[in-house]
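Protein chains in written order, with our numbering: chain A, 299 to 571; chain B, 252 to 659.
Each hint should be verified, as a subset may be incorrect.
Computed Cβ-Cβ distance ranges for the label pairs, DEER-style [said to hold, decoys possible]:
| # | chain 1 | residue 1 | chain 2 | residue 2 | range |
| --- | --- | --- | --- | --- | --- |
| 1 | B | R393 | A | G418 | 52 to 60 Å |
| 2 | B | G317 | A | P403 | 37 to 45 Å |
| 3 | B | T577 | A | P403 | 48 to 56 Å |
| 4 | A | K352 | B | D313 | 43 to 51 Å |
| 5 | B | D330 | A | G369 | 32 to 40 Å |
| 6 | B | G280 | A | R395 | 49 to 57 Å |
| 7 | A | Q382 | B | G361 | 25 to 33 Å |
| 8 | A | E404 | B | K444 | 55 to 63 Å |
| 9 | B | A449 | A | E380 | 50 to 58 Å |
Calculated from the structure, these hints are not laboratory results. Glycine included, every Cβ here is placed at the ideal spot set by N, Cα and C.
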Amino acid sequence: MCPPDFYGIEYEINPWMDLRRPADPARARAQWRALYEVLTKTLGVRVELLSPVKGLPDLVFTANAGLVVPGRFIASRFLHPERQKEQPTYDAWFRARGYAIETLPEGTCFEGEGDALWLGETLFAGYRIRSDIGSHQAVAAMLGCEVLSLELVDPRFYHLDTCFCPLDDRRALYYPPAFDDYGRRVIREFVPEPIAVADVDALRFACNAVVVGRDIVVQSGCAALEKTLRDQGFTPHPVDLSEFHKAGGSAKCLTLWVPPPPRSTSRRSVGAP
Amino acid sequence: MVSETVELRGHIIDSLILPKVLDEIMTLGGTFEILHLTVGQRREDASRAEVRVTAPDAQRLDAILGRIGQHGAVPLAGDEARLVPADVDGVFPDGFYCSSHFETWIKRHGQWVAVERPEMDCGIRFDPATGRASTVPMHRVRRGDRIVVGHAGVKVAPIDRSPERNVFEFMASNVSSEKPKAVVIREMAAHIKTARAAGGKVLVVAGPAVIHTGAGGHLERVIAAGYVQVLFAGNALAAHDIEQAFYGTSLGMSLEAGMPVDEGHEHHLRAINTIRRAGGIRQAVEQGILKRGIMHACVVHGVDYVLAGSIRDDGPLPDVITDMVTAQDAMREKIRGVTVGIMIASTLHSIATGNILPASVKLICVDINPAVVTKLADRGSFQAMGLVTDVEPFLRALAEHLVPVNGR
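All chains should be built: construct the whole structure from the sequences, respecting the hints.
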């Protein structure tokens, strides 16, 4: 995670961002702190921090840094120049920790875990708004895994992690209107038990949740979803991250899952997305 | 119609990307053909599809390519054309690219090179020394020739359907004897005039029925007026034309009286013999032996003609090429610059001509037999029109439009 010291709305690169609706720095810091404490204290997750950099307001959304597999960091290639400036910071952090930095072919766009989420051994990947499908082919070749490409059709749900959230090997939250017919069919075909999220919850970034085993850290106020999660045997941990919604992100966007350094037996052992 | 071949890679089956791309193509008004599909064997294996996308015009093709490009469909045109040297004279390398009669380009060193002399059912030869590409018929390929193999780096631009509703489009719809012939022939004449005015050559392929039906004079008139630059025919048309010039008969029938004349069946043999003695048609004209008729008009007015023989020929005339492959090559040489082809009452010579003409040449096919017209008109392009009618009234009407008598 990256503390929100320099977080703010400084440009508009998605429908949520509005320069006339700035983030409240104090509230943002408090909300981020609450998320950090639920993860570290309540759930016992080990969180490593990235030093914030002035002029990089979206560095807090570390999910977009890249895709991490044991020992390897597949660096993102951001679509927008505003965020391309973040990449050297992420690369440096992983290089300093001994990761092999792998880059995608020039001319492709890929925004890391924002658009690439594991369900079991299959990588579900979003494209067309931020990442492009060419990057999926490259990632599939690098990792030797199946990558299921899902077209995102609603600009408000510009990253896959805003409308799709694997909970375990069988279940995933998803917001059907964010996908086209083909995408919905792929989800229903390859996710054994897909759980549709209602409009009101989806628009509160319900799908942008952090999964830690059976515990789900999710935006507060998603009443219907919290009930569904409990019915399914999960424990919801509501956190208000409304200041980050102004930039189009919530809990998941604020975290990047880093698998334990030695070979992990299961990608889901820690459970974070 | 224009087309482009695209490639899709990845988990395109499970992701439903392939069906999505195909649906998008159709939704946007295009059509597709899957040229190759390799499906990954294991779950993690990627699949690959090669799809030819065709659209009614370049603008719509661009729209389709733009849209499906977002789903990862990349034009194969990015690849270079693959060249393989021929290892045997007269034999293409395996997998050779089989040409169409449409305008074609191949990509070499990042540049699109136009293929000269578009012709269907040929290979494409690239000459590294000159950097030029041209079609090459199978029998002309020589060991070491660089021949294009596969579809990569080959671009084909089928002829655009003209936005204006012209007679070619109208007529291409079907072949029927129930057509407003006067209107159609008037438009054909207009096309011939337009082609001539633009500097294009007009090619006539004619069978002996032109003479038998007494239409030789009409064609002669059209030739004399400068509307024909190239004539393809067989031994029979020339022989009966010359028979008529010498004896006034065609296959022994008096064209004046419509009756057989005594010993008339020998006339065409005697005519052929006379020309053989003179050394050829041109020589007979120069010696003042042959004084009228279609072949006379061709010699006098500088029309290039190729007479290609067949198995049942009498004589034949010295001008007739009896080696079929040589005849094809001679025809190939003469079609350069031709923009309109008129095929009249001829089946085999017309088909042979249709095979070597590029799609850009407009074809007019006239025959009394609907089956022949259908076969000739159906060349997979919008450039052929057919008319089922007797050739005499057709040529009479055409000549009347092109070369009015009495200053009408």
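Has the hinted range 50 to 58 Å been met by the Cβ atoms of A449 (chain B) and E380 (chain A)? 56 Å, holds
Note whether the CB distance of K352 (chain A) and D313 (chain B) lies within 43 to 51 Å or breaks it. 44 Å, holds
Given the hint of 25 to 33 Å, is the C-beta distance from Q382 (chain A) to G361 (chain B) inside that range or not? For Q382 (chain A) and G361 (chain B) the Cβ distance comes to about 28 Å; the hint holds.
At the C-beta level, are G317 (chain B) and P403 (chain A) separated by a distance inside 37 to 45 Å? Between G317 (chain B) and P403 (chain A), where Cβ atoms are some 20 Å apart, the hint is violated.
With respect to the beta-carbon atoms only, verify the hint that E404 (chain A) and K444 (chain B) lie 55 to 63 Å apart. 56 Å, holds
Within 32 to 40 Å: is that where the Cβ-Cβ distance between D330 (chain B) and G369 (chain A) falls? Taking Cβ atoms as reference, D330 (chain B) and G369 (chain A) lie about 35 Å apart, which means the hint holds.
With 49 to 57 Å as the target window, see if G280 (chain B) and R395 (chain A) comply at their CB atoms. 53 Å, holds
Please test the hint of 48 to 56 Å on the beta carbon pair from T577 (chain B) and P403 (chain A). 54 Å, holds
Confirm or reject the claim that R393 (chain B) and G418 (chain A) have a C-beta distance inside 52 to 60 Å. 59 Å, holds
Figure legend: structure checked against the earlier numbered hints; the only hint not met is number 2.
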